[in-house]
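Novice: The lines below spell out each chain.
There are 2 protein chains.
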Amino acid sequence: MLETEKFQIFNPVRIVYGKGELENSRDIFGVSQVLVICDPFVSTSEYFKRAMEKYKSVFIYDKIVPNPPCEMIDEIIESVYEYSKGAPKFDGVIGIGGGSTLDTAKAISSLLVSEGKLSDYIEGKKRFDRRLPLMLVPTTSGTGSEVTNVGVYTLNGIKRPMTSPTFWADVALIDPILTYSMPRRIAATTGLDALTHAVESYWAISTQPYTEGLALRAAKMILESFEASIDGEEWARDEMAVAATIAGVAFSQTRTTAAHAISFPITSFYNVEHGLACALTLPSLIRWTYKFVSKKMDDFASYLGLKDVEELAKKVEQLMEYSGFSRRLRDYGVKENELEEIAKVSMEANIINLTPGKPSYDDVLRILKEIY
Amino acid sequence: MLETEKFQIFNPVRIVYGKGELENSRDIFGVSQVLVICDPFVSTSEYFKRAMEKYKSVFIYDKIVPNPPCEMIDEIIESVYEYSKGAPKFDGVIGIGGGSTLDTAKAISSLLVSEGKLSDYIEGKKRFDRRLPLMLVPTTSGTGSEVTNVGVYTLNGIKRPMTSPTFWADVALIDPILTYSMPRRIAATTGLDALTHAVESYWAISTQPYTEGLALRAAKMILESFEASIDGEEWARDEMAVAATIAGVAFSQTRTTAAHAISFPITSFYNVEHGLACALTLPSLIRWTYKFVSKKMDDFASYLGLKDVEELAKKVEQLMEYSGFSRRLRDYGVKENELEEIAKVSMEANIINLTPGKPSYDDVLRILKEIY
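Chains as they are written, first to last, in the working numbering: chain A, 1 to 372; chain B, 1 to 372.
No lab work stands behind these hints, which were simulated from the structure alone.
In this text the structure is predicted, and so the values were computed from the model without any measurement.
One or more of the hints may lead you astray.
Chain copies aren't distinguished; within one or between two, either way the pair holds.
With a straight-line Cα cutoff of 16 angstroms, these simulated EDC-like cross-link-like pairs (lysine to aspartate or glutamate) come out [said to hold, decoys possible]:
#1 K54 x D91
#2 K19 x E5
#3 K19 x E3
#4 K117 x E341
#5 K358 x E71
#6 K117 x E336
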């Protein structure tokens, strides 16, 4: 019996996977004069420079900061106009980096052919209806931003997610070579983010069979390669790159649930990396949601080669320990009397209602105390 | 370790699933003056008529024959021009029916805004680069045509598959109500087609993790609902409708393998329905390919809740028996001395080389003798 009476699937992004494909990216993208938005460690790498030689002209902007502020994005637009002495002559925009960089490239590709400032669009005063051709190239394996229509920006000090039909890229180029230089800690936190996407998309109330299949397959790849990936083994980095993108497609349709909702205050208040903040509550949530999705989670565990869902929860805990992360909130600077505030802010994120069993404030508080 | 070094995923079709959604199709499609290509039993149904009342104008063409001949398609174009007294005034094309009808609608939506005849495009003399907005609505649950960029047409008496970037529809509308009237035999043959798509896409040499996930999920739904679906239970028809579309997306990326290759001569020479012709060799192929994809097929069987691959092969045989189909070629008018010709023609289909282990002519002949 289908769990959802109605659903849609739409993801028009062309995903191209291949080791070394950045060097073929001009042919894949089909564009010759590009604006490249990237992280500084990308722009200085020999591999990147070689790949960019194939283009007719390349303008590089590499001063991206995390959680991109609207002001930074408006400044990029200004400096591009200055460089171009008027209307920019680019045929397309390439974003190469982590989630913040890809989100910046999404906004830039739309703003370059639209009126106004990014804040107008975040606040809903205007809507993007066009953009320059856009290729997104992730250097981490976690956010899935390369295959979603969401960007997260900072407006007046607050993180603001925004969706736009123009944020679906033309191409998501997955070249795992770019992920080989990820430090262990980033491989671990982004890998935990990808795992959380797979689990949450799978069990979300907004579930649908299409994305369940993707989530299953992604979760299996992640469990098989997570440890070797953080140890730097290339075959495992390849698998994680693919798995993170597939999990990205899954949650691009279903959205995420409580682990993400609770991660927001943990990241904002205590500066805990996003993927780690998600993983902190994931084992408890796997146990808590079980009674609402037993058959479905039994299937999940069975496909993953695990005896039951308890083994899945333990497996997540084990991956965190292998990464060297504490599973206790107290170790991240959280005070016991602050748990209520964390629970309160978590409940403000709408996605918490997509969690099977729809946890209440009390449920969330109980989970937070459990991992305190 | 990833099995494929490079792969692409691209399927821009918006899939909309929902019981009764045909009645909302004008809003979903966003078009008001439509040309509808459909089967005659569709055009006379009250449900269809009610749904069409929402459009501003509807021109219905319902004289579609199976394996659509190019001449028929060129005639439709002519009669549309006649009706319109010059350039057609349609905003979009809707195809509602089985695979042949959807394939016809694909060609019509491109031809209406292009020069020349369909044969020019099949023979590669011209290429489509545009089409009218296109919505495809399947009434069977098997072909997956609603989510592929392939059409199959008859040119000079020979079935000719053709791909075109314009054959990806804007919308695949999956309204299972349209499948409730499928006779038992059509539910069975098209269901076997969907099952074969899932299995073959999963094991194809052109495999990739994304489509493996879809194939896994689709196969599980099919095994759970096939029997109830041919018995006419609505919940099972709903599941089959979704599963067939998901399996369609899977093979739209990987293509199919030996079971399809061998089905072509069985259908052409003995008029055996496509899905049944595919299923005839599927159990033998499940056993034959196992040594080349053991681990992968173990995972498949395990997710399906089966002990091993032998149980999967037996399950397919059981579904055929439940459908009332013989599993012996001799019962379809095949003579023993014709097996060599069947094997020879099967080897001419390129997709046979996508089968794990790449079966030789002798391997195919041995399989045909096994099921003779």
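Novice: Please go over all the hints and tell whether each is borne out by the structure.
Specialist: Quick rundown of the hints versus the structure:
Proximity of K54 and D91 under a CA criterion of 16 angstroms is satisfied intra-copy only: 15 angstroms inside one chain copy versus 41 angstroms between copies. For the homomeric pair K19 and E5, the shortest alpha-carbon distance between copies (7 angstroms) is at most 16 angstroms, but the shortest distance inside one copy (40 angstroms) is not. In this assembly of identical chains, K19 and E3 lie within 16 angstroms of each other by CA distance solely across copies; the values are 13 angstroms between and 38 angstroms within a copy. In this assembly of identical chains, the alpha carbons of K117 and E341 never lie at most 16 angstroms apart, being 34 angstroms within a copy and 68 angstroms across copies at closest.
In the homo-oligomer, the alpha carbons of K358 and E71 never lie at most 16 angstroms apart, since the shortest distance is 37 angstroms inside one protomer and 58 angstroms across protomers. With identical chains, the CA atoms of K117 and E336 are never at most 16 angstroms apart, being 41 angstroms at best within one copy and 75 angstroms at best between copies.
Of the numbered hints stated above, those contradicted by the structure are hints 4, 5, 6, listed in ascending order.
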